[in-house]
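Trainee: Sequence:
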Amino acid sequence: MRRRDFLKVSTLGASLPLLKGCDSPEEDFLVQPAVRPGVLAGESVWYPSVCTQCPEGCGIQVRIVDGNAKKIEGNPTHSTNQGGVCALGHSALQELYNPDRILDPQKRIGNRGDGEFEALSWERAQSEVAVLMKSVSPENMAFIGSEEPGLVAGLLRRISDSLGAPSPVFLEPSEYRVERRASALSLGIESIPYFDVARSDYVLSIGSPLLDRWHNPVHYTHAVAEMRRGRPGRRGKLTQVEARMSLTSANADEWLPIVPGTEGIFARAIAGILLSQDLVKDLGRRQYERLFPAPPPNLGGAAEECGLLPERIEKIAHEIAAAEHRVVVAGGSAAGHTNGLFNTVAGLGLNLLLENLGEPGGVFAPATFDLGRHLSPSGSVQTPMADLAARVRGESGEPIELLLVVEADPLHELPAGWGLASGFSDIANIVVLSSFFDDTTYQADLVLPLNTGLERFNAIEPASPTGIPVLGIAESVVEPLGSGQHPGDVLLAVAQSMGEDISAAFPWSSFEGLVRSLINEDLGNLPGSRNTDASSYYRDALARGGIFETGDP
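Position one of the sequence shown corresponds to residue 1453 (my numbering), numbered consecutively onward.
Note that these hints are calculated values from the structure, not bench results.
For each residue, glycine too, the CB sits at the ideal point set by N, CA and C.
Wrong hints could be hidden among the right ones.
Simulated crosslink set (EDC-like; lysine to aspartate or glutamate; CA at most 16 Å straight-line) [unchecked claim]:
id, residue 1, residue 2
1, K1522, E1952
2, K1767, D1705
3, K1586, E1570
4, K1522, E1495
5, K1586, E1547
6, K1586, E1952
7, K1523, E1547
8, K1733, E1776
9, K1559, E1547
10, K1689, E1776
11, K1586, D1891
12, K1689, E1771
13, K1523, E1495
14, K1559, E1580
15, K1689, E1706
16, K1559, D1897
17, K1522, D1556
18, K1689, D1730
19, K1733, E1807
20, K1559, E1575
21, K1767, E1853
22, K1767, D1730
23, K1586, E1853
24, K1689, D1705
Simulated restraints, written as ranges between beta carbons of each label pair [to be verified]:
id, residue 1, residue 2, range
25, S1961, R1576, 37 to 47 Å
26, A1842, P1489, 52 to 62 Å
27, E1642, S1955, 45 to 55 Å
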């Protein structure tokens, strides 16, 4: 075939699906044709939104043209990210236009794992879930949520508590649990603390990849930049102690490639130098010695174990002692070992020695509105993932007859050695709330579709503190595709379909109604609420992308 003839055939073939699409526009689910009232055709309009690509809830702006999302940028007025947005945040457009999205409820018709499903209506799907929830004993249920904290997690806890079922499990990096425990032991803070990097003169990071995907990389990247160039004539230093050449190590002023698992020994050696050479005050000494009564290790022996030169460790100790505002950040890879708790406690404990708690450039307790406290039962605790994995494998606890997974993919995210895949085959009923078919969704008996972040009303408190309480709020910026719903709306519908005993604890008609109710309840404690009514306050919050303060912690 000649090239000219090939082009003629290709052109004709390409035109056929286009003509068919003109006849059946509803099948072209990659385009949202809606144009908002008052907006001209072809006009670009930016709308505030909240990023849902990770649990940090950064404020974003979305450019909409003819009802279609075209571009994402950071919201410069948002306290969490201050106009920044990472590559993951930009990928929300790929999520929105992904042709493999689940648009309607699906029920398995083939063997589990074969990926054979048939579509069914929402009414039938919710009815089947309600029947399952009523027919299975609460002790034989299990709930898994994503790592996203906040209101959806609160609803999941409220459902399990109302049923008398085991507490939910939330997927998160394993080191986060270690970091929270270490923070409680060393600093008396029951959650991840906030490190005031922007106002520090010296940041010693032990295992914590501040500029990688660790807690809020957009915020901490901005903070490191502010530390270095935001104060004329005053430049801070970042020293990274980490076994690998991470993005943070590559951008640090100094990188110490330590032997993995010896981060705690390094931190104790730093303490030994500060104590023995009287580089700290008496109050700091007393605070630290209550945490570590035993004397620190010998510098030479510690340096050999860590794979570092003794003089290099001593130089770091003198630099941090000389800095006016200094902070020690510990976690990440340092927490990811069998001795991770010791490593992280030893690192965070240096802040006691340096007396920087609540000081500019130091460590702060997390600041949060914590609206989710109205949903979660008092004293509610998270079930460790390892405990649930043991139940799935049939090694301990009550057997699982119903597993409800909300916006999570444990089969992909957890190590294969945990044996979840084989255990899933023994679970009678698996219900998954998801936007896509993934490793876990393919094992489901029933799939309830979720709309994507840009299509839904959002209300998110950042998972990691930024020194200032934040609640990101935004309406959907595009018309939803398919029949997917917000996970909060799905959980409310499930709870309300289970009879008066359960539904009475879920009086809200929608997830947005729940959020408005909680804001109204806490209105007097929220910033900027003086001399305004609840409706005006809520409307203004939507217009700017959330509720947040500005300024230093």
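Trainee: With respect to the beta-carbon atoms only, verify the hint that S1961 and R1576 lie 37 to 47 Å apart.
Mentor: Check failed, 21 Å falls outside 37 to 47 Å.
Trainee: Would the pair K1689 and D1705 pass a check requiring their Cα atoms to be no farther apart than 16 Å?
Mentor: With a Cα-Cα distance of about 6 Å, the restraint between K1689 and D1705 holds, given a limit of 16 Å.
Trainee: Can the restraint linking K1559 and E1575 be considered satisfied, given a maximum Cα separation of 16 Å?
Mentor: holds, 13 Å
Trainee: For K1523 and E1547, compute the direct alpha-carbon distance and say whether it is at most 16 Å.
Mentor: Since the Cα atoms of K1523 and E1547 sit roughly 13 Å apart, the hinted pair holds (cutoff 16 Å).
Trainee: Does the structure keep K1733 and E1807 at a Cα separation of 16 Å or less?
Mentor: holds, 8 Å
Trainee: Straight-line Cα separation of K1767 and D1705 no greater than 16 Å?
Mentor: With Cα atoms ~14 Å apart, K1767 and D1705 stay inside 16 Å; holds.
Trainee: Going straight from one Cα to the other, do K1522 and D1556 come out at no more than 16 Å?
Mentor: The hint is violated at about 25 Å.
Trainee: Take a quick look at whether K1559 and E1580 sit within 16 Å of each other, Cα to Cα.
Mentor: holds, 10 Å
Trainee: How does the Cβ-Cβ distance of A1842 and P1489 compare with 52 to 62 Å: does it lie in that range?
Mentor: holds, 55 Å
Trainee: Check whether the Cα positions of K1586 and E1853 lie no farther apart than 16 Å.
Mentor: Holds - the C-alpha atoms of E1853 and K1586 are around 12 Å apart, at most 16 Å.
Trainee: Holds or violated: K1689 with D1730, Cα cutoff 16 Å?
Mentor: Judged against 16 Å, a Cα distance of about 23 Å means the pair is violated.
Trainee: Hinted pair, alpha-carbon criterion (16 Å max): K1522, E1495. Please report holds or violated.
Mentor: holds, 12 Å
Violated hints, in rising order: 1, 3, 5, 9, 11, 17, 18, 21, 25, 27; the structure is consistent with all others.
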